[in-house]
Structure formats: C-alpha cells, structure tokens
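The primary structure of each chain is shown beneath.
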Amino acid sequence: MRPNRALEIGTGLFILLGFVALVFLTTQLPSSGLKIREAGVYHLTATFENIGDLKEGAPVSMSGVNVGRVAHINYDSKQYKAVVDINVDSGYDKIPDDSDASIQTQGLLGGKYIALTPGGSETYFKDGGRIGFTQSAIVLENLINKLFASIAGKGKDAAEDAAPAKEGVK
Amino acid sequence: MIGALRKIGAIGVFFGRILAGIVPALARPRLIVHQVYNAGARSLIIIMLSGLFVGMVLGLQGFDLLQRIGSEDVLGIGIALALLKELGPVMTALLFAGRAGTALASEIGLMRATDQLTAMEMMAVDPVHRIVVPRFLGGVIAVPLLVAIFNVIGLYGAQLIAVQQMGIDAGSFWSQTQGAVKIEDVTEGVIKSLVFGVACSLIAVYEGFHSAPTAAGVGLATTRTVVTSSVLILLLNYLLTAFYL
Numbered sequence: 033m034r035p036n037r038a039l040e041i042g043t044g045l046f047i048l049l050g051f052v053a054l055v056f057l058t059t060q061l062p063s064s065g066l067k068i069r070e071a072g073v074y075h076l077t078a079t080f081e082n083i084g085d086l087k088e089g090a091p092v093s094m095s096g097v098n099v100g101r102v103a104h105i106n107y108d109s110k111q112y113k114a115v116v117d118i119n120v121d122s123g124y125d126k127i128p129d130d131s132d133a134s135i136q137t138q139g140l141l142g143g144k145y146i147a148l149t150p151g152g153s154e155t156y157f158k159d160g161g162r163i164g165f166t167q168s169a170i171v172l173e174n175l176i177n178k179l180f181a182s183i184a185g186k187g188k189d190a191a192e193d194a195a196p197a198k199e200g201v202k
Numbered sequence: 530m531i532g533a534l535r536k537i538g539a540i541g542v543f544f545g546r547i548l549a550g551i552v553p554a555l556a557r558p559r560l561i562v563h564q565v566y567n568a569g570a571r572s573l574i575i576i577m578l579s580g581l582f583v584g585m586v587l588g589l590q591g592f593d594l595l596q597r598i599g600s601e602d603v604l605g606i607g608i609a610l611a612l613l614k615e616l617g618p619v620m621t622a623l624l625f626a627g628r629a630g631t632a633l634a635s636e637i638g639l640m641r642a643t644d645q646l647t648a649m650e651m652m653a654v655d656p657v658h659r660i661v662v663p664r665f666l667g668g669v670i671a672v673p674l675l676v677a678i679f680n681v682i683g684l685y686g687a688q689l690i691a692v693q694q695m696g697i698d699a700g701s702f703w704s705q706t707q708g709a710v711k712i713e714d715v716t717e718g719v720i721k722s723l724v725f726g727v728a729c730s731l732i733a734v735y736e737g738f739h740s741a742p743t744a745a746g747v748g749l750a751t752t753r754t755v756v757t758s759s760v761l762i763l764l765l766n767y768l769l770t771a772f773y774l
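For the record, the sequence lines run as chains A and B.
Be aware that the first sequence starts at 33, since it is given in our numbering, and climbs by one per residue.
Be aware that the second sequence starts at 530, since it is given in our numbering, and climbs by one per residue.
Keep in mind that the hints were calculated from the coordinates and are not lab data.
Beta carbons: idealized from backbone N, C-alpha and C, even for Gly.
Please note that the accuracy of each hint is not assured.
[Stated by the list, open to error] A few chain A residues facing chain B, derived, Cβ under 10 Å:
1. Gly-42
2. Thr-43
3. Gly-50
4. Phe-51
5. Val-55
6. Leu-57
7. Gly-89
8. Ala-90
9. Gln-138
Bound conformation, chain A alone (with noise of 0.2 Å):
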C-alpha cells in the first residue's frame, strides 16, 4: 500500500485528540484523580470528634480561597475520633501554627469542606504538620433536636415561671 500523507496525519490528529480527552478525563475531573505532580502539596493532619459526610477529596480553604484537599480519612480507635489527612498546595506555605481547623457546609445541604482560620503564631505548619485547635462539623439533625428541646424546654420554663407570677397576684 503506498503511503498516504493526509490518511497518516488524520489517524495522527484523531489519536492525539482521543488521548488527550483521556488524559483530561483521569487527571483533571476527578479530583482524586492521577495527578501528574503531587510534589506541590504538604500534609498535614487533624483529629476532629465528628466530620459529619467529610469525604477524600472536599476541598481545604482559607477565607474562601482553595488551598488544599482532603487526602484521607481514618479512625483513631484510641481517642475514638476522626483523623483527616490533608494535602496543602505548596504554594500555601505560610500557615500559621496555631490556625484552627473546622468543618464547614457548602450551602444548605451542600457538600462538606474543611475551614482554616488562620491563629497568630508567628512559626508556620511544616510537612507532617498536626492542626490542634479543630472544631467538629455541625450535624444539622443534632441541631433541630437541640432546637426542639430548647423550644420544649422554654415552654416548661414559661410555665414554671408563670406559676409563682400568678401566686404574686394573689
């Protein structure tokens, strides 16, 4: 078969297209994708009593900004608490030591993500590095029972109270 310019260049065009699309489609959409470098990260590790739906993979933000993701999550079933693994962009490398790590809600009933407030030592997190000061995530079912009961509670305070206001009329 004689060799044919346009067919090779097209089957070229076609092949580097398809891996291309590949590449995009495992590197770039998952964020627990393979990721071509993962030098650019430090991690970091935090124990929080409960991470609520905190899965692998929810982003890590300062004021809003994204600095980072959620590498793993593990039970410690010494404490009997959650230990998250984060990945911090390399980039973000003047935290704070005593920053304080929670878990926050995207939205109403959004995904979870975790939250850094930066402290104000004057020594930065290192590779390996342990947040002490973490707050749990907010269970929304825990708060309409704590909502609930406080309303119940309320009302039999309101009524205790009108008791002896009454008797004060008397």
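Fit chain B to the supplied structure of chain A, relying on the hints for placement.
Okay, now just chain B, sitting in the frame of chain A:
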C-alpha cells in the same frame, strides 16, 4: 434456539481466529493505521456533534429537574457521571455501530461477494490476517478514544448551557464535579468503551465475513450488524453496570 447457540459458537470461534491473528497482523502496522483512520478519524464529526448536543440537552433537562428541588449546583456532578458511566460509552458505541460497523460489514461482505476473499485464499494469503484483524483492531483502538472525545465535548456542551445560559457559577459547577467524580468512575467508562469496541468490531467483521455472497447478502449483513451490535451493546452495558454497582 439451536441456531442461536450455533451462531454464538461461530462468533466465539471467529473471535479466537482473530485473537490468534493479532500478533502476525502487528507486523503490518500500516494496515491498522488505515483502519483506525477509517473507523475512528472519519467518525469524529458525528461523534463530536452528537456529544455536543447530548451534553447540551443534559444541561437543559438536568437544570429543569434540579431547579424544581432547588439544587442546581449539583448539575455538573449529574451530567459528568451520566456521561462518563453511561451515555458516553453507550451513545458512542451505538453511533460507531451505525457509522463504522456497517461500513466494515458491507466492505468485507462485498469482498466476499466479489470473491476477493477466495482469491486471497488461493494465493495463500489468510484473509483473516490481512482483512479482518486490521479492521477489528482499528475499531478496538478507535472506540475508547471516540468515547473520551464524546465525554469531553459533552461536558463542554453541558457547561455551555449550565454556565453561559442558565447562569450557574462556573467555579461551583467544576469544583462540585471534581469533588464528586472519582477515578473509578472514569475507569468504569473506559472499560465499558473497550468492551463495546471489541463487541462492535467483532460483530461487524463477523457479519461481513460470513455474509452470503450476493447483493442481498451484503445488505442483510449490514442490517444484522446494526441490530446485533446495538442489542449486544445495551445488554453488555446492563451486565457491566450491574457488575460495577
């Protein structure tokens, strides 16, 4: 019943012959490149157009659905998963069966009808090595690449509707999607597309190679290719999905 069993067996045996012919066929890479061009590069336009419109309609329908329950921000997740896991592989494979499968079947069928295959056998050239295997490999290489292109264009089309037209924030659209899509979802789609590529190409070359050597036979082979591969794709898709979930 016996006829169906016999056909499944015949396809299996033919698949074995193709597999045995892959190594000798690799010695002639130019034949395979030609078939990747025929099956893949020439299906690009139909795949890209279909991907764009499927993505756009997913954007519209998904937005309408999610707006009713007030969570438009998860639109990207729904569309990405639908494209990666189901629509991308299935739609592409169906289009491929219609666009390239029929071309393969009728080409080989016509070779059969005009005794070109017999002539090759007379010259001690195995038509399975020379004709069938390169076409089969071309299809197997082309389908996963076409699926990937379909998915990317589909996502772009969905983004076009969701972000440009419906005003969903581009950042939340992509970050929600990236947060929810796992690498397993992508590999599931790739594995599906590989399986569909093998199934489509195998049916097409089988039907063409075994067509009756008449004009009507070629037509019948082409029809059978579309019908059998479409049903097979949907059946395999159900089985693979059930296996994965």
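Do the hints match the structure? See the list:
1. Gly-42: Holds - the Cβ of A:Gly-42 comes within 10 Å of chain B, reaching about 5 Å at its closest.
2. Thr-43: A:Thr-43 check passes; min Cβ-Cβ to chain B is 4 Å, inside 10 Å.
3. Gly-50: A:Gly-50 check passes; min Cβ-Cβ to chain B is 3 Å, inside 10 Å.
4. Phe-51: Result: holds, 7 Å to nearest chain B Cβ.
5. Val-55: This hint holds: A:Val-55 lies near chain B, its Cβ roughly 9 Å from the closest one there, short of 10 Å.
6. Leu-57: holds (5 Å)
7. Gly-89: For A:Gly-89, the interface hint holds, since the closest Cβ of chain B sits about 6 Å away, which is under 10 Å.
8. Ala-90: holds (6 Å)
9. Gln-138: Interface hint status for A:Gln-138: holds (8 Å vs cutoff 10 Å).
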